[in-house]
Amino acid sequence: MVSLSDYLILSAVIFCIGLVGIFINRTNIITLLMCVELILVAVNTNFIAFSHFLGNEAGQIFVFFILTVAAAEVAIGLAILTLLFRNKGSINVDVTNSLKG
Amino acid sequence: MTFDQILFYVFSFWFIASSLAMIFSRNAAKAVLFLILSFFSAASIWILLEAEFLAITLILVYVGAVMVLFLFVIKMLNIDKSTLRAKFAGYLPLGLIVAAIIIAEMTLVLGGNQFGLDVVAAPARHAADYSNITVLAMQLYTTYVYPFELAAVLLLIAIIAAITLVHRNELNRKKQSISEQVNVQAKDRVRLVSINSPNKENK
Chain P
1 MVSLSDYLIL
11 SAVIFCIGLV
21 GIFINRTNII
31 TLLMCVELIL
41 VAVNTNFIAF
51 SHFLGNEAGQ
61 IFVFFILTVA
71 AAEVAIGLAI
81 LTLLFRNKGS
91 INVDVTNSLK
101 G
Chain H
102 MTFDQILFYV
112 FSFWFIASSL
122 AMIFSRNAAK
132 AVLFLILSFF
142 SAASIWILLE
152 AEFLAITLIL
162 VYVGAVMVLF
172 LFVIKMLNID
182 KSTLRAKFAG
192 YLPLGLIVAA
202 IIIAEMTLVL
212 GGNQFGLDVV
222 AAPARHAADY
232 SNITVLAMQL
242 YTTYVYPFEL
252 AAVLLLIAII
262 AAITLVHRNE
272 LNRKKQSISE
282 QVNVQAKDRV
292 RLVSINSPNK
302 ENK
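In order, the protein sequence lines correspond to chains P and H. Under our numbering, the letters of the first sequence match residues 1 to 101, in that order. Under our numbering, the letters of the second sequence match residues 102 to 304, in that order.
Rather than coming from a laboratory, the hints here were simulated on the basis of the structure. No false leads were slipped in.
Computed from the model, here is a short list of chain H residues facing chain P with C-beta under 10 Å: (1) Ser139; (2) Phe140; (3) Leu155; (4) Val174; (5) Gly191; (6) Leu193; (7) Gln215; (8) Gln240; (9) Leu241; (10) Pro248; (11) Ala253; (12) Ile258; (13) Val267.
Part of the chain P face toward chain H, derived, beta carbon under 8 Å: (14) Met1; (15) Ser5; (16) Leu8; (17) Leu10; (18) Ile17; (19) Leu19; (20) Ile30; (21) Met34; (22) Leu38; (23) Thr45; (24) Phe53; (25) Val69; (26) Leu81.
Just so you know, even glycine gets a beta-carbon here, dropped at the ideal spot from N, CA and C.
I would like the entire structure built from these sequences, with the hints used as guidance.
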């Protein structure tokens, strides 16, 4: 049988892959958004694994809400990306320095 | 090795392999396709965990809507590939070190001693007439009904925000101007023009 720790370690590995993706793709906003999606899927796998092994459906409800929020985040993120490309002509992170932060 | 374990390792292999291919791929469209493969593997693992509704939701909502939105944006924007990977190699060692440390720590914490089968026993499989959707719906429409409504409002706000952000004021659009309508005078509406009619002279 597959134990709970197998699922947890799998989602930890996926989480770290998403983290490395953010490190090495830090100039490309689209890939950054995709790495965030990967991290969210890893977290959702954690929730579902605990929900299955502890026999409690609340974890699956949480995943439902995380999916909702992630979909909203992607819609607004891609809208901002389109706006950025229209104003700057590029989606490179380095050109987004107008605020001089 | 049981059949469950074989399925788990096959799906995990494709999940990890496609995620790695996603973060290392130079083409953004290929990265989206690898991400779709990893979402399918994640959905398969969720089905192994008997979360059928969420697995189908992941495929329908994420692969069907969100990833297609990504593909649309990538194809609409003209992305310069040469500048995107200028700093690729510089941050790779740092990222790998951080990831290795996190994986080592998580493996120590989440290993078999803490969450193995001896500690958390595998639950019995549900009967064939068990409905995951019914159980989730009972929870969602009773205990979590207010968060459910809030999620709906959040999606509405996201729609309005996305449309407002990318909305462009066009010159030839027919729209109402309230201030002009209120401030209009009678002389702006009707203009009296005196015309000399040629028929009148003949009579």
